[in-house]
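Asker: Here is what each chain is made of, one letter per residue.
Protein chains: 2
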Amino acid sequence: MKRNYRTKSKIGLLALFLIFTQVIFSQTNDEVQLRKIYDVALDQGKSYDWLNYLSNQIGGRLSGSIQAQQAVEYTKAELDALGLDQVWLQPVMVPKWVRGTPEFAYFETDPGSTTNVPITALGGSVPTPPKGIKAKLIEVQSIAELDALGADKIAGKIVFFNRPMDPRQINTFDAYSGAVDQRSSGAREAAKFGALGVIVRSMNLRLDDFPHTGGMDYGDTPLDQRIPGAAISTNAAELLSATLKLNPEISFYFKQNCKQMDDVQSFNVIGEIKGSTHPDEIIVVGAHLDSWDLGDGSHDDGAGCVQSMEVLRIFKEMDYKPKRTLRVVLFMNEENGLRGGRKYAEVAKKNDENHIFALESDAGGFTPRGFSFDASDTNFKRALSWKPLLEPYQVTMLVQGFSGADISPLKNDTIVLAGLRPDSQRYFEHHHSDNDRFEHVNKRELELGAAAMASLVYLFDTYGIETAGE
Amino acid sequence: MKRNYRTKSKIGLLALFLIFTQVIFSQTNDEVQLRKIYDVALDQGKSYDWLNYLSNQIGGRLSGSIQAQQAVEYTKAELDALGLDQVWLQPVMVPKWVRGTPEFAYFETDPGSTTNVPITALGGSVPTPPKGIKAKLIEVQSIAELDALGADKIAGKIVFFNRPMDPRQINTFDAYSGAVDQRSSGAREAAKFGALGVIVRSMNLRLDDFPHTGGMDYGDTPLDQRIPGAAISTNAAELLSATLKLNPEISFYFKQNCKQMDDVQSFNVIGEIKGSTHPDEIIVVGAHLDSWDLGDGSHDDGAGCVQSMEVLRIFKEMDYKPKRTLRVVLFMNEENGLRGGRKYAEVAKKNDENHIFALESDAGGFTPRGFSFDASDTNFKRALSWKPLLEPYQVTMLVQGFSGADISPLKNDTIVLAGLRPDSQRYFEHHHSDNDRFEHVNKRELELGAAAMASLVYLFDTYGIETAGE
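Quick mapping for you: the protein sequence lines, in order, are chains A and B. Following UniProt numbering, the numbering of the first sequence begins with 1 at its first residue and continues without gaps. Following UniProt numbering, the numbering of the second sequence begins with 1 at its first residue and continues without gaps.
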């Protein structure tokens with residue numbers, strides 16, 4: 001337990017004794033407070049009810065949609081009802097991309113002999129021409145393979161990116177990182193060689209029939225050279241690949257009429273409890289309120305939103321008066337723009353606010369395993385010193401690494417950024433697909449995540465961070 | 001890394017150096033072997049296919065049922081196909097309890113105004129009379145409350161045990177332990193005060209409509225004084241309790257025609273790979289092949305069976321030759337008798353076999369969090385020394401505690417007993433109910449459990465245990 005960093009300086013025996021007794025006392029008090037947090041979360045939790053509403057009454061809430069606006073209004077009203085010191089909407093302009101009518105695709109082995117396959121337009125994709133695109137397919141496993149094939153083999157075809165996520169990865173986010181370049185950059189790269197479109201194997205470790213959307217980036221590809229991209233379900237990707245091995249001459253047809261509209265007005269939703277002794281030190285707990293339009297966005301990231309709201313509700317319920325200012329921030333537009341995260345950091349900087357700690361939950365509402373920290377070694381060690389307090393709650397994985405997209409613009413030399421790390425095994429079965437549904441969120445797992453977050457917020461509120469100057 | 005316990009003795013510098021290099025080498029080799037185990041389990045796993053057959057082609061397999069016999073034959077054939085050194089059936093007589101026709105229950109608020117509620121007979125219960133039982137209800141929260149009320153308040157009534165599992169427990173098995181006495185002893189205790197029957201709130205942390213069965217024990221209650229017991233779904237328990245508060249005079253009706261038959265012949269299924277250098281030291285990995293008759297027994301304990309089989313299959317696939325003899329044991333009759341576990345230990349003792357390590361998986365096919373050990377401090381410390389090897393696989397919870405029911409009869413002064421500890425949050429939503437279904441088992445989570453088990457078996461095979469005499 002290396003919690004009291006003041007012991008570094010030279011101090012007398014009496015001071016040592018006083019500090020020692022204080023450490024003993026505060027340790028016991030910390031244990032009591034964490035137990036209270038968990039009791040409130042597990043016995044009187046509100047997060048599951050909120051998520052039920054957000055998922056089943058509002059549903060998928062892509063930036064710029066009516067549902068996104070409904071989610072803003074709903075969560076603001078719920079935060080208002082908590083009796084926080086202040087609740088407000090922070091305006092932010094967001095991109096608006098719409099899917100249009102359902103996509104349609106098939107492959108044709110012989111003229112007239114077609115097999116329909118489930119696809120979904122990638123977020124941000126251009127549409128196909130109104131009559132769709134029909135062309136021969138070329139299957140590749142990577143962008144490197146695409147480059148090696150070159151224009152001769154690619155021009156005039158539809159490129160089929162089919163590298164699976166690696167099942168041997170223990171953390172499924174590592175498997176995602178190892179495959180997602182096909183989705184994010186595939187269309188941009190294939191266009192360079194004259195491809196007509198790209199079909200990407202869904203980012204899903206399981207074989208099933210759900211196509212998974214997700215952001216793609218055309219970079220500086222001129223508007224008239226952009227080609228449409230769609231994801232195909234893993235089952236259909238397997239079928240297509242097997243069919244191509246039998247007959248490389250099959251053709252593929254797909255049609256989508258998605259569209260990028262003008263930016264529209266939206267909001268980050270913010271609520272805060274003012275700090276009692278260090279009101280100028282701000283702690284943020286947050287998640288993103290927008291989701292993709294498939295499914296209802298329960299895991300990505302409705303869960304994170306209701307957990308973040310629950311953190312402040314738990315403290316109100318416990319009648320805990322934070323020393324620092326605690327803020328819940330529901331960011332708009334993480335999925336296809338990060339405008340909300342950037343806006344929040346921009347306003348914070350303009351107002352010369354001092355953020356000491358920000359915690360994000362954006363990895364699903366599963367049993368929490370731990371947290372990952374983007375922080376100085378000193379502050380990471382401080383977090384590690386709290387491990388014995390978190391272990392009784394099976395929160396044991398405290399590691400250095402990525403925190404979260406929405407809080408990343410807050411990064412500076414002193415702030416501690418952290419991300420909740422739930423068990424990752426089932427996440428990519430749901431992520432960005434129609435299979436991201438409320439029924440796949442477990443009440444207890446969701447609540448345990450909220451309690452773990454509240455515990456870490458409590459500890460940073462109680463002990464603060466070490467700033468560079470100290 | 002405190003793996004080499006020989007460093008305790010006085011040794012020269014050269015020996016120290018040799019041992020040091022050996023430790024370094026074996027550490028690296030251990031890392032390589034564990035990675036291989038996980039690669040085979042996650043990339044070429046067979047456990048999920050086996051479970052699919054066991055659950056969907058055979059289904060629930062209560063001791064003495066045709067399904068239990070089918071499960072014996074199926075798993076033996078699959079073990080035969082692995083090319084182990086020996087596969088055999090170990091005869092064991094098991095109790096046979098049958099549910100009969102579906103149970104039926106309702107409560108009546110006014111004459112003729114009834115509400116049906118889902119119940120299931122507790123395993124081992126006597127039937128109601130053919131016409132059922134109808135009586136006033138008395139709700140209690142505990143056996144202590146029952147005792148305090150006494151015969152005056154209890155005689156002639158149906159006792160309704162309604163203490164919920166405590167949602168504040170982090171490990172749901174602790175919540176189970178804190179509530180299950182109502183199910184196991186409720187009927188026995190209520191009979192002492194002249195109750196006509198007992199209805200027990202299902203052991204389920206979630207509010208839903210599934211009644212959960214499970215074993216009950218009449219102890220030495222004479223046959224003619226035994227009263228029937230049934231579980232009621234948590235939703236119906238809540239409804240019943242609320243209704244009783246409005247009107248304590250409501251009556252309850254239930255009917256069940258379950259029956260205890262004569263014992264029948266069954267089998268433990270056993271397969272082994274002979275040890276190359278210490279064939280007389282036996283390592284067991286096992287689970288129970290029987291299940292309750294509701295649902296298909298996927299989590300309890302089909303998952304453990306296929307994981308145990310997978311451990312030996314992984315070693316065959318890796319072409320790993322164990323030093324010790326590795327045995328997979330699929331125990332019969334854990335749920336309502338433990339006859340298989342007792343028989344296995346009895347035969348092992350008769351044959352003077354030397355079991356050094358036994359590992360059981362009987363807590364569901366969820367993401368593995370760690371293992372609990374019933375072992376000497378020295379051997380527990382040895383297991384702890386392997387933590388750095390297991391941590392990359394997120395297997396971090398190595399604790400002392402209960403191992404497993406089926407291996408418990410093997411307990412002696414030297415053997416190391418251990419149980420796989422998967423994430424427990426969702427287990428009791430499925431346990432002993434029609435909601436224990438294949439669709440609720442996740443392929444990766446199941447495979448990660450098998451790989452964790454194989455890793456621990458590998459380590460005990462490589463390093464052995466410290467026996468009392470050393």
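Among these hints, one or two may not hold up.
Partial chain A-side listing against chain B, Cβ under 10 Å, derived [stated by the list, open to error]:
#1 Tyr38
#2 Lys46
#3 Asp49
#4 Val72
#5 Asp166
#6 Pro167
#7 Asp209
#8 Asp263
#9 Arg369
#10 Ser372
#11 Glu391
#12 Tyr393
#13 Gln400
Source of the hints: derived by calculation from the structure; they are not laboratory data. From the three backbone atoms N, C-alpha and C, an ideal C-beta is built for every residue, glycine too.
Asker: Hint by hint, say whether it matches the structure.
Answerer: Hints and how they fare:
Below 10 Å, beta-carbon pairs count as interface contacts, and Tyr38(A) has one with chain B at about 7 Å; its hint therefore holds. Nearest Cβ of chain B to the Cβ of Lys46(A): about 14 Å, over the 10 Å cut. The hint is violated. About 13 Å separates the beta-carbon of Asp49(A) from the nearest beta-carbon of chain B, more than 10 Å, and the hint is not met. Given hint, Val72(A) at the interface with chain B, is violated; its Cβ is 31 Å from that chain's nearest Cβ, farther than 10 Å.
Given hint, Asp166(A) at the interface with chain B, holds; its Cβ is 9 Å from that chain's nearest Cβ, closer than 10 Å. At a threshold of 10 Å, the smallest CB-CB gap from Pro167(A) to chain B is about 5 Å, leaving the interface hint in force. The beta carbon of Asp209(A) is not positioned within 10 Å of any beta carbon in chain B (closest approach about 15 Å), and the interface hint is therefore violated. Restraint check, Asp263(A) versus chain B: the minimum CB separation of about 40 Å is more than 10 Å; hint violated.
Taking 10 Å as the C-beta cut-off, the interface hint given for Arg369(A) holds, the closest approach to chain B being about 7 Å. Interface hint at Ser372(A): violated, since its Cβ lies 13 Å from the closest Cβ of chain B, which is beyond the 10 Å cut-off. Among the interface hints, the one on Glu391(A) holds; its C-beta lies about 9 Å from the nearest C-beta in chain B, closer than the 10 Å criterion. Given the 10 Å rule on beta carbons, the hint for Tyr393(A) holds: about 5 Å separates it from the nearest Cβ of chain B.
At about 15 Å, the closest approach between the beta carbon of Gln400(A) and any beta carbon in chain B exceeds 10 Å, and the interface hint on this residue is violated.
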